[in-house]
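**Q** Take a look at the letters that make up each chain.
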Amino acid sequence: MNEFLTNMAGVIAAATPVVVAVIGETFSERSGVINLSANGLIVLAAMTGFAAAYLTGIVWVGLLAGFLTGAIAGLLISFSSISLKQSQVAVGFILSLLFRDLAYFLGTPFMVIPGPTVSGWAIPLLKDIPILGPLLFDQNVLVYFSYILIIASYYWIFHTRQGLVLRGVGEQPISAYSRGIDVNRQRYIYTALGSGLIGLAGPMYSLSIKAGWNGTMTGLDGIGWIVLSITIFGGWNPLRGSFGGYLFVFLQWLGLALQSYWTNVPSQVLQVAPFPLMILTLLFVNIGDTEWVTRMLATLPRGVRGAFYKLFRFLRKPPPASLGVPFERE
Amino acid sequence: MSKNRAFINFLFRISGVIAALLFTALVLLIAKANPWEAFSNIFLGAVSTPIKIADSFVAWVPLILATCGLVITFTTGLWNIGIEGQISLGAIMTTWALRLLQDSGLPPVVIILAGFLAGIAGGIVWALLAGMLKFYGGVSEIFAGLGLNFIATALTLWLIFGPWKRAGVASMSGTEPFDMSIWLPTLTGYRLSIWSLILAVVSVLIVYFILKHTVVGLRLKAVGKNYKAAIQMGISPSKYMLLSFVLCGVFAGLTGAVQVLGVYHRLIPSISSGYGFLGLLVAMLVDYQIVWAVPMALLFAALNIGGIQLPIMMKIDSTLSGVMQSSLVLFFMLMDGVRKKILKKEEEQSNE
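Here the protein sequences line up with chains D and F, keeping their order.
Just so you know, we're using my numbering here: the first sequence kicks off at 1 and counts up by one.
Just so you know, we're using my numbering here: the second sequence kicks off at 1 and counts up by one.
Please note that a few of the clues may not be correct.
Claimed, not checked - Below, in silico cross-link-like pairs of lysine to aspartate or glutamate (DMTMM-like), each with a Cα-Cα straight-line distance of 20 Å or less:
#1 D:LYS85 with F:ASP336
#2 D:LYS317 with D:GLU171
#3 D:LYS85 with F:GLU348
#4 F:LYS239 with D:GLU291
#5 D:LYS85 with F:GLU346
#6 F:LYS228 with D:GLU291
#7 F:LYS345 with D:GLU328
#8 F:LYS340 with D:GLU328
#9 D:LYS85 with F:ASP287
#10 F:LYS341 with D:GLU328
#11 D:LYS85 with F:GLU347
#12 F:LYS228 with D:ASP289
#13 F:LYS344 with D:GLU328
#14 F:LYS239 with D:ASP289
What the hints assert, rightly or not - Residues from chain F shown here face chain D by an in silico Cβ test under 10 Å; the list is partial:
#15 TRP79
#16 GLY137
#17 ILE142
#18 ALA144
#19 GLY147
#20 LEU148
#21 ALA154
#22 LEU157
#23 PHE277
#24 ILE316
#25 ASP317
#26 THR319
#27 GLN325
As the list claims (entries may be wrong) - FRET-style restraints, in silico, Cβ to Cβ:
#28 D:MET111 with F:LEU21: 19 to 29 Å
#29 D:PHE79 with F:LEU106: 52 to 62 Å
#30 D:ILE58 with F:GLU37: 26 to 36 Å
#31 D:SER260 with F:GLY105: 37 to 47 Å
#32 F:GLY77 with D:PHE79: 17 to 27 Å
#33 D:ASP128 with F:MET314: 53 to 63 Å
#34 F:SER171 with D:ALA257: 19 to 29 Å
#35 D:ALA321 with F:GLY77: 13 to 23 Å
#36 F:GLY162 with D:ALA257: 14 to 24 Å
Derived from the structure by calculation, the hints contain no laboratory data.
Cβ coordinates follow ideal geometry from the N, Cα and C atoms, glycine included.
Same shape as in the complex, but just chain F (with noise of 0.2 Å):
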């Protein structure tokens, strides 16, 4: 019985993701364009040379640095849209770090070490603001998330085309690059650095750890799955969730600084990339457990990088990955309401 179960949801799971391509595939027929070959261009364009690969991978550290954060302000019950600023405003800081300490003749290393320990300051600074707004303001995470985002995004323009302005003219393409020595090292040839890659593993580590062997992650839990009891087990639920939002907060720092030392080596306009939301969407399909946001987050990052092909051999626009992905999430939640709307009735039969 339980076996079957097991085999019925993986039917219901993978009739999802038959949904999503049909979906996409439509969409696709209604702009001319063949879904087979953007299929195929999309795939190609992920993994057909290594650079490829290792782009994706580089596309992969931020995307699962935000969600390793979501997957605790989640844990918790919390709406953490407020995400997207909280990287900005970890790119602000290690930028500020960075500009400060780059002509101070400290050996690199001290500099890119201070410009992550900035941007995690920056990253819990943002998400404390948001966490404070709901618990002493009254205001839901979410729209207290969303009026943050956008501060975020006008501070970062506001120092692009003010104080931190480009010799001569400031313009979209973002603050002056810093200089190659405190760049995160890249392997040779490649745009990955090892380093990131390790700083991504180890956070999903420490996340996985929290969450299934720390009496902290216990008390989380215990808040987001239950605000009630958790208070009648003498568990704060207001000082917890504060706590989680910290805890994203330093996640979503280092996705800023990430983005800073080791993508753009400078501060631009659209520095989150979009990886906050992205990293919901990815949250939310493995419903919250970190272990498998590893490879979804890969797929998701795969997807991004192969969807830059599009406008080059096809085109297309390049946010059809984006339709890919959010119709994927969509399709498993239907899909899982559909699931268990039948697995109801059957019990109900049976009990009868």
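In isolation and in its complexed conformation, chain D is listed as follows (with noise of 0.2 Å):
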């Protein structure tokens, strides 16, 4: 049992960066901009955070760069789509290879070497309480912010009067600007903050959960790719999403802890399980949407229709309405 807390108080540590990079481009996606470059812009932000707190010493000043490399990224991917109305996917997919050679290449020198880590600080009495202690609160400064940042994210989208404006932005940004709302201007903000917390979870990797920088064995190269679909799952919402990421995360540690069960099973099998599962979990949110779906529904008693579509409801977010639409003033 001890030993099993242990191993989940693990799993949560090793979810953070993907929970916290999951709300960052939800807030982005939320806001109109889908930020593709992802999975790039982790590998870079390891790198980026890594060497600035290797250079200087401090831990603090490479989670800055981390946030500030994504934070860059986003207002070049705002720029380019808002302001010159190119394809955010065709760009984005662009700087997600460019991010990760740039990681690669600039990296070099810092290859294994070892640099500071964030260390751990168990929460006076919160961690005394039994299970939840250990498994919540005896973690570091991180996995804190990540807990704080789920709920003021999800507070924020859902119940602020900001958080109702980037939804509009989002999803009618044509009745947002007549109420006066300048959407573009939300969008690039929205894009610059999400993308920067994409990049925080760089330095989270770096200099906390696989710490150091091993260039292209560091092995965050596919990270963002989840973290894209984890969005999609979690329907755009804080809480869904980051349930998504600890799912995710689970499931690898099951698959790592199942290898000892399964010896014949080579250890890259296991560690690409989550991606069949990913496929298999977009399907189930977005099957209910398809026309043969629908036209099968549609033949069956009524009783049996309603409690699928509950069931495809309760699965199926639609994304915002404008994801990826640049916004005309007519």
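Hints in hand, dock the two standalone chains.
**A** Below is the structure:
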């Protein structure tokens, strides 16, 4: 039981950068801008964050560098898509490759050297709560920050006026505009902040969970794509998105734990096991919307149909209506 | 006026190239390396000897094959990020066919052809899977493709470390190399095969022909340009988008087959060599025009080959080639955006 608790505390810690990045992507996409560069961005921010922390010897500078790397990337994406009207998907994809190669190229001097790490800090009193204490409150500051971020971002999006504006900008930019809101300014701000959070995930790895910079062996290539999928799975809701992040890392851990039972399955296979699951979840989330399912449901008796509709409505959360669409004043 | 405009367009393209070179130079300066030395090393690394030029063409073949497929999916308005996995599946199926037939006593030509056909089948299956997930599952082709890429990688690794492992010890170096008799024959002294060159050129011609001179090509374009209008014209978009995936799968499968038959002669973990993603960059750079993809893919292939010299000559990482390639496409797009913005402003002024 104790060992399991320790493992689960490890899962929560390991999921922290994923959760923070998913929330960042959620903010950006809620405003209508998709940051498809997340995969390269996390790798690059892990490198810049580690380099900054190594050169100054101060962990916080590294975290700040990761955030700034992301924020600059966000500004670049907003500029190219909002101001220059280029495809967000195209620019995001190009940037994801560019950032990754930049990280590997510029990171060479920082390869395999020990650097500063974020140290653990158990919260007094809270850490003594049975079960929850060792699980949630014997972690480091980054993990505590993520708890606050999850709750604060949920509250911000769904229970504040600014959150209402944010959702309006992503759903109905024209009516937001007619109410006197500067749509593009909102998009610039949220994309920069959201991408900053995605960037922050980088040093969360290189200064804590996977401490150090090991070039292509750092093992961060792929995480950004997962983050993008979990954002969809999460229905652009920080609570559901965070749950997706924890679930994903838990499944990864489960894969590794099962390895001792399935010795004939190579470890590389179990490490990618979450990807088929990712496709399956996206399938469940989206299938209710397809033509053939709609047609098939129409033939079912009313009671059964109602149950299916309820299930699909629960699974399916439609994306912000103006996601990826540039805003034009008529 | 139109001559003037063509000149302005040209100026913007050139400024995109210059911006990309300046950016790469800046990156090199940050890494405390001499930009001029790096550029000349890449250039010499790609063209200084006939062998190096031939090597650039060895890299050009899979890159242009992948781009051939991607031009079709882009024409239909699809983002086939899953191309990497489709290439891998092609390579896996080719390897499977070769393993099955290598001791059968059949003539090498038959075995090689079977390898190509199996590769095509593998590419089609993986592409169709992404297409079906999109049309029957509502999963965006971008995410379906990404997931399938990772699964294809896992499948490759499992085969290399499991059922197809080398006698003795399994390793990242791949499966047991095939007998030389079933390699694509190369020019003596070079790694380049005339057959793979022919395959690439024929593929380019076929794609050009399909898109420019057939009804199918016209309909693929109609679906990509205007989804709703296509439905009104009686074209079923999902049918043509699935077809577009299948066609792309054919070329992706061929890419994988060439990697096995003509380059590595075995299955290795990173068998796609990133040519799928690179092909996406090439296709975007040439605005999905297959004719222009031919020289651009050659330039990108030469950058890859030239980049190999960097760690040897200057002790800097060869990923610089990737930085050059992606920054070139990025600045092209940014400059294109600037150009459109300026032209629009001009039009508005002349209308007033």
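**Q** Each hint: holds or not?
**A** Verification of the hints:
Proximity of LYS85 (chain D) to ASP336 (chain F) is assessed by CA-CA distance (about 10 Å); at most 20 Å being required, the pair is judged to hold. For the proposed pair LYS317 (chain D) and GLU171 (chain D), the alpha carbon gap of about 13 Å is at most 20 Å, so the pair holds. A C-alpha spacing of about 17 Å is found between LYS85 (chain D) and GLU348 (chain F), which places the hinted pair at or below 20 Å, so the restraint holds. A hinted pair counts as satisfied when its Cα atoms are at most 20 Å apart, and LYS239 (chain F) with GLU291 (chain D) qualifies at roughly 14 Å.
A hinted pair counts as satisfied when its Cα atoms are at most 20 Å apart, and LYS85 (chain D) with GLU346 (chain F) qualifies at roughly 17 Å. This hinted pair checks out: LYS228 (chain F) and GLU291 (chain D) have alpha carbons roughly 15 Å apart, not beyond 20 Å. For the given pair, LYS345 (chain F) sits about 15 Å from GLU328 (chain D) by alpha-carbon distance, which is consistent with the 20 Å threshold. The straight-line distance between the Cα atoms of LYS340 (chain F) and GLU328 (chain D) is roughly 15 Å, inside the 20 Å bound, and the hint therefore holds.
Between the alpha carbons of LYS85 (chain D) and ASP287 (chain F) the distance comes to roughly 16 Å, so the proposed pair stays at or under 20 Å and holds. Distance hint between LYS341 (chain F) and GLU328 (chain D) is fulfilled; the C-alpha atoms sit about 13 Å from each other, no more than 20 Å. Taken as a hint, the LYS85 (chain D) and GLU347 (chain F) pair is honoured in the structure, with Cα atoms around 17 Å apart against an allowance of 20 Å. With a CA separation close to 18 Å, the supplied pair LYS228 (chain F) and ASP289 (chain D) stays within the 20 Å bound.
Between the alpha carbons of LYS344 (chain F) and GLU328 (chain D) the distance comes to roughly 14 Å, so the proposed pair stays at or under 20 Å and holds. Restraint check for LYS239 (chain F) and ASP289 (chain D): satisfied, since their Cα atoms lie roughly 18 Å apart, inside the 20 Å limit. Because the smallest distance between the Cβ of TRP79 (chain F) and any Cβ of chain D comes to about 6 Å, under 10 Å, the interface hint for this residue holds. This hint holds: GLY137 (chain F) has a C-beta 5 Å from the nearest C-beta of chain D, less than the 10 Å allowed.
A hinted interface residue such as ILE142 (chain F) counts as satisfied when its beta carbon comes closer than 10 Å to some beta carbon of chain D; here the least separation is about 7 Å, so the hint holds. Taken as an interface hint, ALA144 (chain F) checks out: its beta carbon lies about 6 Å from the nearest beta carbon of chain D, inside 10 Å. Checking GLY147 (chain F) against chain D: minimum C-beta separation of about 4 Å stays under 10 Å; hint holds. About 7 Å separates the beta-carbon of LEU148 (chain F) from the nearest beta-carbon of chain D, less than 10 Å, and the hint is met.
Annotation: interface hint on ALA154 (chain F) holds; nearest CB of chain D at approximately 4 Å, less than 10 Å. Interface hint at LEU157 (chain F): satisfied, since its Cβ lies 4 Å from the closest Cβ of chain D, which is below the 10 Å cut-off. Because the beta carbon of PHE277 (chain F) sits about 6 Å from the nearest beta carbon in chain D, less than 10 Å, this interface hint is met. With a least beta-carbon distance of about 7 Å to chain D, the hint placing ILE316 (chain F) at the interface is held under the 10 Å criterion.
The criterion of a C-beta within 10 Å of any C-beta in chain D is met by ASP317 (chain F), whose closest approach is roughly 5 Å, and the hint holds. Look at THR319 (chain F): its Cβ gets to within about 4 Å of chain D, closer than 10 Å, so that hint holds up. Contact between GLN325 (chain F) and chain D, as hinted, is supported at the beta carbon level, the nearest pair being about 8 Å apart and thus within 10 Å. Taking the beta carbon of each, MET111 (chain D) and LEU21 (chain F) are about 27 Å apart, inside 19 to 29 Å as hinted.
At roughly 59 Å, the beta carbons of PHE79 (chain D) and LEU106 (chain F) sit within the given window of 52 to 62 Å. A C-beta distance of roughly 35 Å is found between ILE58 (chain D) and GLU37 (chain F), which places it inside the suggested range of 26 to 36 Å. Under the hint 37 to 47 Å, the C-beta atoms of SER260 (chain D) and GLY105 (chain F), about 45 Å apart, fit the expected range. Between GLY77 (chain F) and PHE79 (chain D) the CB atoms are about 25 Å apart, so this pair conforms to the stated range of 17 to 27 Å.
A hinted range of 53 to 63 Å holds for the C-beta pair ASP128 (chain D) and MET314 (chain F), which are about 57 Å apart. Against the hinted window of 19 to 29 Å, the Cβ-Cβ separation of SER171 (chain F) and ALA257 (chain D) comes to about 26 Å, which satisfies the hint. Between ALA321 (chain D) and GLY77 (chain F) the beta carbon distance is about 19 Å. The supplied range of 13 to 23 Å therefore holds. Between GLY162 (chain F) and ALA257 (chain D) the Cβ separation comes to about 20 Å, which falls inside the hinted range of 14 to 24 Å.
When each numbered hint is compared with the structure, no violation occurs for any of them.
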